[in-house]
Amino acid sequence: MTWFFFILLSTMTVGGALGVVSTRNVVHAALFLLVSLLAVAGLYVLLLTEFLALVQIFIYGGAIIIVLLFAIMLTRSREYPRISDNGQWPLAAVAALAFFGLLTASFVVNNPGAVERSRVPFATLGRSLFTDWALPFEIASLVLLIALIGAIVIARGEGKRA
Amino acid sequence: MSLLDALLLILALLILFTALSVVVLSLVWIERKFLGRLQRRLGPTRTGPFGLIQPIADAVKLVLKEDLIPSWSDKAIFWVAPLLVLVPSFMIWVTIPAAKNLVLRNLDLGLFVIVALLVVSILGLLLAGWGSANKYGALGGLRSAAQLVSYEVPLVMVVVSVAILVQSLDLRVISASQVPWGAAEPVLNEAREAGANFNHIGLPLVVIFPLGLVLFLLAGLAEVGRIPFDIYFAESEIVGGPFVEYSGAHWSVFFLAEYINTFLVGALAALLFLGGWYGPFLPEWLWFLLKTYLVVILIFWIRGTLPRLRIDQLMTFGWKAMIPLSFAGVVIASLYRFYDWPAWSLSVMSLAILGVVGYWIYRRYTQPVVKLAKIYGHRPRRVSNVS
Numbered sequence: 001m002t003w004f005f006f007i008l009l010s011t012m013t014v015g016g017a018l019g020v021v022s023t024r025n026v027v028h029a030a031l032f033l034l035v036s037l038l039a040v041a042g043l044y045v046l047l048l049t050e051f052l053a054l055v056q057i058f059i060y061g062g063a064i065i066i067v068l069l070f071a072i073m074l075t076r077s078r079e080y081p082r083i084s085d086n087g088q089w090p091l092a093a094v095a096a097l098a099f100f101g102l103l104t105a106s107f108v109v110n111n112p113g114a115v116e117r118s119r120v121p122f123a124t125l126g127r128s129l130f131t132d133w134a135l136p137f138e139i140a141s142l143v144l145l146i147a148l149i150g151a152i153v154i155a156r157g158e159g160k161r162a
Numbered sequence: 001m002s003l004l005d006a007l008l009l010i011l012a013l014l015i016l017f018t019a020l021s022v023v024v025l026s027l028v029w030i031e032r033k034f035l036g037r038l039q040r041r042l043g044p045t046r047t048g049p050f051g052l053i054q055p056i057a058d059a060v061k062l063v064l065k066e067d068l069i070p071s072w073s074d075k076a077i078f079w080v081a082p083l084l085v086l087v088p089s090f091m092i093w094v095t096i097p098a099a100k101n102l103v104l105r106n107l108d109l110g111l112f113v114i115v116a117l118l119v120v121s122i123l124g125l126l127l128a129g130w131g132s133a134n135k136y137g138a139l140g141g142l143r144s145a146a147q148l149v150s151y152e153v154p155l156v157m158v159v160v161s162v163a164i165l166v167q168s169l170d171l172r173v174i175s176a177s178q179v180p181w182g183a184a185e186p187v188l189n190e191a192r193e194a195g196a197n198f199n200h201i202g203l204p205l206v207v208i209f210p211l212g213l214v215l216f217l218l219a220g221l222a223e224v225g226r227i228p229f230d231i232y233f234a235e236s237e238i239v240g241g242p243f244v245e246y247s248g249a250h251w252s253v254f255f256l257a258e259y260i261n262t263f264l265v266g267a268l269a270a271l272l273f274l275g276g277w278y279g280p281f282l283p284e285w286l287w288f289l290l291k292t293y294l295v296v297i298l299i300f301w302i303r304g305t306l307p308r309l310r311i312d313q314l315m316t317f318g319w320k321a322m323i324p325l326s327f328a329g330v331v332i333a334s335l336y337r338f339y340d341w342p343a344w345s346l347s348v349m350s351l352a353i354l355g356v357v358g359y360w361i362y363r364r365y366t367q368p369v370v371k372l373a374k375i376y377g378h379r380p381r382r383v384s385n386v387s
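Line by line, the protein sequences are chains V and D.
Heads up: the first sequence runs through residues 1 to 162, numbered per the working numbering.
Heads up: the second sequence runs through residues 1 to 387, numbered per the working numbering.
Hints were generated in silico from the structure; no laboratory data involved.
Every residue gets a Cβ at the ideal spot worked out from N, C-alpha and C, and that includes glycine.
Wrong hints could be hidden among the right ones.
Coverage of chain D stretches by chain V, computed from C-beta distances (three or more under 8 angstroms per stretch; other residues unrestricted) [stated by the list, open to error]: (1) 76-89; (2) 99-110; (3) 122-129; (4) 132-145.
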């Protein structure tokens, strides 16, 4: 049963990702991205990490795709609904393959072996996030805050008062 | 999971869907009757006793209507959008407990599941507006994304403050921790044996945290797009927004989702703030329905009373009133928990905040009238006669 769902979800992830790069309509690409991200959430459920799956749906499936679509619809993508192929694709392919190779290599080197799936209680996760990993957590929120302030500064324009 | 389990699950989902459809039919009838009474009309009277069959007649009419698809529209997106709205709002109900043991799947992270799935349905509205190749549709889609994302923040913050107070995201535990220990014991003991943490309060949260209920209801109204927050399908401005090109069965899917979400706001207000399904004498499921319908009728009442906000007023209210207030709610809830203050201190703090902000908003929105009256030297209601 788990095996069946794993194959299904992996196919959806990879298929969605291929759809993103192969479709010529920007909005369709965003939808394919949604399929891929939601399938990843499904994979997290298979690994018994419900919290991660929910965060994936909440942040990637919801917020990020909405902001992406919002940006596409507010810019003049209507005038250029089709992305034309550009000359960068061989470079992109090399970069993607290199990253894939890096991931595979690190997996082969640090193979954790067959690990029993275990459910981590949400309270444990929260406690370790705010005690052992408090510094990385705070740094991540600082980065997001900087991005927010930067967006406001850009949106205000120069020489204008709010 | 065996085949039998899968079949049972499908059966349970079907029953849930039927129950929700019946609820939606009842809501349509209640809304038409109640709104009629508010406007000194009778509402539907012809179809069946008290017009009870009216919603079924409406449904039959909707299904029989021709289902138009605009030829310029993006067909795939036009088809997917209603499903993206309906499926999450239906899935949320899988985890909502209507009584102590009347829930399809009770989840430890129930409250977070609800918040996460609510976001996905925004996507459906945005795509519906874009996919129908209509200027009003696109405007409505963008408005819906702006409004729903803005009001998602206070909603999540209220949920967070409830989670801080109760120390749990499990909806059954949240409800049970709001009633005296005697009634709550079965659920809470079961949760404790499963290793869950919680903070037993013993009072409905509306008593100790009224600020939360007010913010939750306002943000919930905005999330389901009910008047006065129906900016994104405002019929008199953008003729229905994302739904402008939809008709027949496709439109009725949006309609179904809207009413399911309205009922969801009522159910969540009941579970989070009004003590859930607990109450004396009556059976549990009846208490749950009573509290939920009470909140829903309040929503219909607001609809019959207030005019629609302008879009800039909506965004100003969202960002300058709702979001700071909801953060204030998180702060006072954390202070209360961290220093173990007595319960009344939290109610005093939230009532004080509500009072100050309410008075400020009252002054803010009545001031223009007062200024005009000063300029013209008349009482406000005679200003229009002067010019």
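Do the hints match the structure? See the list:
1. 76-89: holds (count 3)
2. 99-110: holds (count 3)
3. 122-129: Since three or more residues must qualify, the claim that chain V covers the stretch 122-129 of chain D holds, with 4 doing so at under 8 angstroms.
4. 132-145: That given contact holds, which follows from 4 residues of the stretch 132-145 of chain D lying within Cβ reach (below 8 angstroms) of chain V.
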